[in-house]
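Number of protein chains: 2
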Amino acid sequence: MDPKRLSREILYRGKVFDLLVDEVQYPSGNKGRREIAHHPGGAVALPVMDDGRVIFVRQLRYPFGERLLELPAGKLSAGEDPREAAGRELEEETGWTAGKLDFLASLYTSPGFCDEVLHIYLATQLRPSPGGPRREEGEATMTLEVLTLDEALALVERNKIKDAKTMIGILLAARRGLPAKNP
Amino acid sequence: MDPKRLSREILYRGKVFDLLVDEVQYPSGNKGRREIAHHPGGAVALPVMDDGRVIFVRQLRYPFGERLLELPAGKLSAGEDPREAAGRELEEETGWTAGKLDFLASLYTSPGFCDEVLHIYLATQLRPSPGGPRREEGEATMTLEVLTLDEALALVERNKIKDAKTMIGILLAARRGLPAKNP
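Protein sequences appear in the order of chains A and B.
Residue 5 is where the first sequence starts when you use our numbering, and the numbers rise one by one after that.
Residue 5 is where the second sequence starts when you use our numbering, and the numbers rise one by one after that.
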């Protein structure tokens with residue numbers, strides 16, 4: 005009953021995603037075209053400090069021209085384990101390393117046209133990395149903001165945080181409860 | 005301090021999204037390329053029946069080849085108000101009309117490379133539409149599933165619901181409380 009793929013063209017190979025265009029045949033017999041933004045997937049860290057506060061990054065998001073408050077995250081490298089990627093992105097973007105990374109959830113950002121999957125990990129036992137952050141060119145103006153979970157939740161509820169992965173991470177963490185503060 | 009756009013090329017005009025490639029100059033002086041999946045945005049309905057249960061659609065998502073459980077949603081038409089679009093998509097996909105549509109939240113699905121914004125509305129005072137659903141070709145195998153909010157929350161918590169807008173809608177509705185059941 006599903007549309008059958010008749011052909012596929014790779015119209016563009018990008019740095020972040022590729023554009024694929026398939027010709028398909030629907031169960032009715034009609035033919036159609038399906039466009040896919042093909043993305044390698046990504047990993048997200050929800051970094052909780054020993055005092056229970058959460059580390060966010062604020063960064064310019066080029067498609068919107070806005071500086072958004074988000075959880076640290078980034079694309080998976082080829083063959084990279086999402087858990088390792090979450091730890092790597094955390095360290096690169098914030099300068100903190102996680103002693104523990106616990107899976108929270110996977111999510112499909114926009115499954116109608118994009119195959120991106122993001123994997124969120126709760127990152128705890130945070131320690132400053134000796135080298136500090138190592139940001140990419142496009143991340144040069146990234147800054148850190150540290151909020152309590154309640155403060156972050158209030159921003160989600162007031163819709164001041166609009167990034168999907170960040171909304172989901174905070175809302176899920178609020179339901180599950182963060183790890184108890186260290187003494 | 006933000007990257008400056010030097011030029012823009014529209015590499016593809018699609019049915020669902022366009023591919024834009026910009027040449028930019030970073031604050032460092034270095035030049036780079038930014039790819040944008042340009043999307044018109046969309047509207048999402050969180051439809052609550054008079055008995056408090058929520059109407060979902062299950063539909064094949066072509067990029068994944070999976071049948072996902074989601075809230076009814078769709079692209080905005082040119083110039084269309086998101087609230088009207090949420091009501092229209094609800095009716096087209098489920099065959100129910102909403103007497104009331106209350107804004108819940110906007111979200112950016114993947115702001116690193118895509119400018120898609122989705123607007124979620126709580127849809128209540130539902131009545132069957134005389135004509136029933138009017139689905140598009142790609143939606144021919146769509147089916148409806150009706151769940152209590154608690155059942156839906158359990159699916160989000162067990163990560164059986166993976167669609168970002170649906171996770172966010174259900175988690176926010178759980179925090180805000182759904183409208184009281186009608187007598």
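Quick caveat, the hints were computed from the structure, so don't treat them as lab data.
Be a bit skeptical, because a hint or two may be false.
Intra- or inter-copy, both count: the list cannot distinguish identical chains.
Within a straight-line C-alpha distance of at most 30 Å, the following computed BS3-like cross-link-like pairs (lysine-lysine) qualify [stated by the list, open to error]: (1) Lys-35 with Lys-104; (2) Lys-8 with Lys-104; (3) Lys-79 with Lys-104; (4) Lys-164 with Lys-8.
All of these numbers come straight from a predicted model, not from anything done at the bench.
Checked hints:
1. For the identical chains of this complex, Lys-35 and Lys-104 are neighbours neither inside a copy (49 Å) nor across copies (37 Å), given an alpha-carbon limit of 30 Å.
2. For the homomeric pair Lys-8 and Lys-104, neither the shortest alpha-carbon distance inside one copy (43 Å) nor that between copies (39 Å) is at most 30 Å.
3. With identical chains, the CA atoms of Lys-79 and Lys-104 are at most 30 Å apart within one copy only, with a shortest distance of 20 Å there and 40 Å across copies.
4. Taking identical chains as interchangeable, the C-alpha atoms of Lys-164 and Lys-8 lie at most 30 Å apart only when they sit on different chains, with a minimum of 26 Å there against 41 Å within one chain.
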